[in-house]
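All residue numbers for the sequence shown refer to my numbering, where the first residue is 1010 and numbers rise by one.
Certain hints may be false.
As the list claims (entries may be wrong) - Now the in silico label distances, taken between C-beta atoms and shown as ranges:
1. A1175 x E1090: 25 to 33 angstroms
2. G1124 x G1206: 23 to 31 angstroms
3. T1235 x D1215: 55 to 63 angstroms
Stated by the list, open to error - Okay, derived cross-link-like pairs now, PhoX-like style, lysine-lysine, Cα gap no bigger than 25 angstroms in a straight line:
4. K1081 x K1017
5. K1109 x K1017
6. K1081 x K1166
7. K1166 x K1109
8. K1045 x K1120
By construction, these hints were calculated from the structure, which means they are not laboratory data. Don't be surprised by glycine CBs; every beta carbon is placed ideally from N, CA and C.
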Amino acid sequence: MPESALIKAILASGAHDLEGQYATGGDSDGNGAEEKVPNSHEGWGRVDLEQLVYSGFTEGIEISTSDSHSFKLTIPDTGIEDFRVVLSWNDPANGPSAGKQLINDLDIVLKSPSGTIWTYTNDDLNNLVGISVGNNPEVGDWEIIVTGENVPSGPQKYYLASSEGAITDMRSPVSDGFYSAGFQSGSIFTETTMSSGGTHICAILDDSDLQCWGDNTFGQLGDGTTADRQVLTFIG
1010 MPESALIKAI LASGAHDLEG QYATGGDSDG NGAEEKVPNS HEGWGRVDLE
1060 QLVYSGFTEG IEISTSDSHS FKLTIPDTGI EDFRVVLSWN DPANGPSAGK
1110 QLINDLDIVL KSPSGTIWTY TNDDLNNLVG ISVGNNPEVG DWEIIVTGEN
1160 VPSGPQKYYL ASSEGAITDM RSPVSDGFYS AGFQSGSIFT ETTMSSGGTH
1210 ICAILDDSDL QCWGDNTFGQ LGDGTTADRQ VLTFIG
């Protein structure tokens, strides 16, 4: 049986934004006070079971505090309506007297093919969050970035779902073996410069981020740990 977090993510990703309800000014136009979903008037919108056939989703993936995971989602053509990506997880139970119920806080960001960053008002209250881009999203490869903002009771398993397209896990983008420079075919990552150590690799990506991976026995990756990294690890 799929976990409830995955079911929620898929249902929310394929829901329709409702129109003609709770408009500003008291007229009959607009939706949810003209807010994008999710909002306090309609939640994620009206569930559409037929639309779920087109949803892409991930298996459960675990994340810890400060970890950042990247995924690729390809929009092949124009004319797509109400494109959105949703992040969901089953948070550990908190005590009834706790001032805030959410324990593990995860965040999500989208990067369009042209480099535009789409953000959700990432809060520390909800365990179902996402980004609604709207109609006619850019054609090409989108990057989905999930971050463990604060995961005191972890690692936390999470799920992603999208209204369109398959989601490709890009946490291990290395091609041609663990220690060979370069990225796998179809990768969303491109580098400005790249260098290889004896058992590790570092790359400066086009967005100027320094990322490293490989053997870290002596802390040579520079991330403040001695844990080996099989995924891109942000250094600076």
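The hints, checked one at a time:
no., hint, result
1, A1175 x E1090: 25 to 33 angstroms, "18 angstroms, violated"
2, G1124 x G1206: 23 to 31 angstroms, "29 angstroms, holds"
3, T1235 x D1215: 55 to 63 angstroms, "29 angstroms, violated"
4, K1081 x K1017, "21 angstroms, holds"
5, K1109 x K1017, "21 angstroms, holds"
6, K1081 x K1166, "19 angstroms, holds"
7, K1166 x K1109, "20 angstroms, holds"
8, K1045 x K1120, "18 angstroms, holds"
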